[in-house]
Amino acid sequence: MEEIQKEEGLTMHLLEVENLTKRFGGLVAVDNVSFHVDEGEVVGLIGPNGAGKTTLFNLISGFIKPDSGTVKFKGKNIIGLPPHKIVNIGIARTFQVVRPFRHLPVIANVIVSLKSPRGNRKIEWLKTPERKALDMLEDVGLTELMLEPAENVGHGDLKRLEMARALATEPDVLLLDEPFGGLNPLETDFLMKSIQRVHLDEPTRGIVIVEHKLYALMRIVKKVIVFHFGAKIAEGTPEEIAKNKKVIEVYMGKE
Amino acid sequence: MVATYLRRAYTSFLAHVVDIPPRLLALLLFLILLVFPVTNPKFSFMLLLSLANLSAIFSASWDLQVGRTGLMSLGHALFFGIGGYGAAMLIVFWGFPAWAAIASSALIGALVALAIGYPCLRVKGPYLSLVTMALPLIATGVVFYFKDVTGGERGLFGFPRLFPFLPYAQQFLAEYYFTLLLLFACGIALYKTANSGTGIVFISILDDEVASKACGINTTRYKLTSFSISAFFATLAGAVWVHLLSAANISLLTLTTSFLPIIATIWGGIGTIYGPIAAAYILQIVDRYVLNEVFPIETHWHMIIFLVVVIIVIIFWGRGLARFVTDKLDDLTEERNLDERGPHIWKKYKKKKA
Numbered sequence: 010m011e012e013i014q015k016e017e018g019l020t021m022h023l024l025e026v027e028n029l030t031k032r033f034g035g036l037v038a039v040d041n042v043s044f045h046v047d048e049g050e051v052v053g054l055i056g057p058n059g060a061g062k063t064t065l066f067n068l069i070s071g072f073i074k075p076d077s078g079t080v081k082f083k084g085k086n087i088i089g090l091p092p093h094k095i096v097n098i099g100i101a102r103t104f105q106v107v108r109p110f111r112h113l114p115v116i117a118n119v120i121v122s123l124k125s126p127r128g129n130r131k132i133e134w135l136k137t138p139e140r141k142a143l144d145m146l147e148d149v150g151l152t153e154l155m156l157e158p159a160e161n162v163g164h165g166d167l168k169r170l171e172m173a174r175a176l177a178t179e180p181d182v183l184l185l186d187e188p189f190g191g192l193n194p195l196e197t198d199f200l201m202k203s204i205q206r207v208h209l210d211e212p213t214r215g216i217v218i219v220e221h222k223l224y225a226l227m228r229i230v231k232k233v234i235v236f237h238f239g240a241k242i243a244e245g246t247p248e249e250i251a252k253n254k255k256v257i258e259v260y261m262g263k264e
Numbered sequence: 009m010v011a012t013y014l015r016r017a018y019t020s021f022l023a024h025v026v027d028i029p030p031r032l033l034a035l036l037l038f039l040i041l042l043v044f045p046v047t048n049p050k051f052s053f054m055l056l057l058s059l060a061n062l063s064a065i066f067s068a069s070w071d072l073q074v075g076r077t078g079l080m081s082l083g084h085a086l087f088f089g090i091g092g093y094g095a096a097m098l099i100v101f102w103g104f105p106a107w108a109a110i111a112s113s114a115l116i117g118a119l120v121a122l123a124i125g126y127p128c129l130r131v132k133g134p135y136l137s138l139v140t141m142a143l144p145l146i147a148t149g150v151v152f153y154f155k156d157v158t159g160g161e162r163g164l165f166g167f168p169r170l171f172p173f174l175p176y177a178q179q180f181l182a183e184y185y186f187t188l189l190l191l192f193a194c195g196i197a198l199y200k201t202a203n204s205g206t207g208i209v210f211i212s213i214l215d216d217e218v219a220s221k222a223c224g225i226n227t228t229r230y231k232l233t234s235f236s237i238s239a240f241f242a243t244l245a246g247a248v249w250v251h252l253l254s255a256a257n258i259s260l261l262t263l264t265t266s267f268l269p270i271i272a273t274i275w276g277g278i279g280t281i282y283g284p285i286a287a288a289y290i291l292q293i294v295d296r297y298v299l300n301e302v303f304p305i306e307t308h309w310h311m312i313i314f315l316v317v318v319i320i321v322i323i324f325w326g327r328g329l330a331r332f333v334t335d336k337l338d339d340l341t342e343e344r345n346l347d348e349r350g351p352h353i354w355k356k357y358k359k360k361k362a
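These protein sequence lines map, in sequence, to chains A and B.
Residue 10 is where the first sequence starts when you use the working numbering, and the numbers rise one by one after that.
Residue 9 is where the second sequence starts when you use the working numbering, and the numbers rise one by one after that.
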């Protein structure tokens, strides 16, 4: 049934990655990967270091161009678009290594996002950019630090700032690259709750999370995709993945 | 009606200028410059101050581009030269009136910046510096090649002054006030731009261009904007400059001219906009008055002295003159605020610390 619908173009996934391949010299960083994200779906991408998860994010968000394959957003191919245009059609991302604007105060970091065409369009009626930025900071719990220059802000808060900055454009697909990296359990818990709240606030938004901390990830996501050496080796619900033999082999080694 | 408006303007003036000590200081300095001619100085000194006004605009424009956007250009003299030669050629060959020539050459400068910026801003960091450094050299070659139009080594001269209808004695005074008001207007325009929403985006490009793109910012467009705003003000300064000296020659395009805003910006504090204005003033007065008349030193030594001071400033005082002054003023106001709040414990603590 699904195949028939697909041929007629009836089902449309929010984000659809098809046969994506990227080579760096001899290394195949992303090897013929296909998956899709539906509206309101929270997808986790896991895999050992160097499995090509961040490369995949860079391909989707337009920072690098793939050798072959397509990325479709709402049925349109977005390969070849520059990164800022991809953000403006509704795919926002965060970075694994925090990239704050160090000279700017925390609130101005969010205002930069609101200066983009999409961010500007998404400001509610009768709201100033400052007010909207403040609301975004409230969502991730950074209101107390709003006037602090970003260079004085700690790593855990910068991770949350990254998310506030991505959320300010109100993306349809949110790509989070290791949001819990380098956070202590308390901060992880807090950020996890913010992600869940973000998900509840906008039920049609698709969220893709790359993460190593499986205990945090498995509680948020409904679908998990496992990568190994650039290739997709498993896909399913968290329970299925936890029992999958291939995945256990990749993580624990063969018996 | 009028009274309400005036009262509102007055309260806004109090809140935005008088209550902020660095701005109050800037206003006082401006007022001092405004009443300075009552001391009846020599014509040559008035001309010097007029040139200082223009070089302050030139330096502040470089600071918007480099200190705020991170487009490290070492060839800002290109736009100074375009302003100078553009205004001169418009007057000599097309018979433009002086005002129209200045305005249109400033617009030409901004358009040239757009045309040059599109290919040049694709390269980043040190490569951008090298590319922009080559541009005035190319312009110099062009000037020497088209000798009939540009006057070659002799340059263009013999065009009327800005205020030809005034008697000779008052012309320098009028030019001084014109350039001072121009500096005031351009300084405020540049400072406002740097601190507006667009200015925030400029700083985001300076800090992290990749993250700026990930925020949905079309960085190319903003870099071009910064480049051409900066070029507009530099060209404007260059166009008025040739009117003050009544000559447009190749010295407008030299490396020395390119280094003038760099030295001023590093002395004054990069990225502050007001710092380079103050430093350019001091630089011009030291260069053309102190080292020329008070302690005469041969001209070749001036640049050496300035650059040695730049090296010392970079190593020991990287934040610059303006930030030093504003920090001191902030310390003063902090004490004042503590006094107002009235916790005497703080006062004791401060004294102990000292």
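The set of hints was computed from the structure by calculation and includes no laboratory data.
Be careful, since some hints might not be right.
Said to hold, decoys possible - As a list, the in silico DSS-like pairs of lysine-lysine whose alpha-carbon atoms are at most 25 angstroms apart:
| hint | chain 1 | residue 1 | chain 2 | residue 2 |
| --- | --- | --- | --- | --- |
| 1 | B | K132 | A | K124 |
| 2 | A | K94 | A | K124 |
| 3 | B | K132 | A | K94 |
| 4 | A | K202 | A | K255 |
| 5 | B | K200 | A | K74 |
| 6 | A | K136 | B | K132 |
Please read all numbers here as calculations on a predicted model, not as lab measurements.
Going down the list of hints, with the structure as the test:
1. B:K132 to A:K124: Distance ~23 angstroms between K132 (chain B) and K124 (chain A) Cα, so the pair holds.
2. A:K94 to A:K124: 13 angstroms, holds
3. B:K132 to A:K94: Judged against 25 angstroms, a Cα distance of about 21 angstroms means the pair holds.
4. A:K202 to A:K255: 31 angstroms, violated
5. B:K200 to A:K74: 39 angstroms, violated
6. A:K136 to B:K132: 37 angstroms, violated
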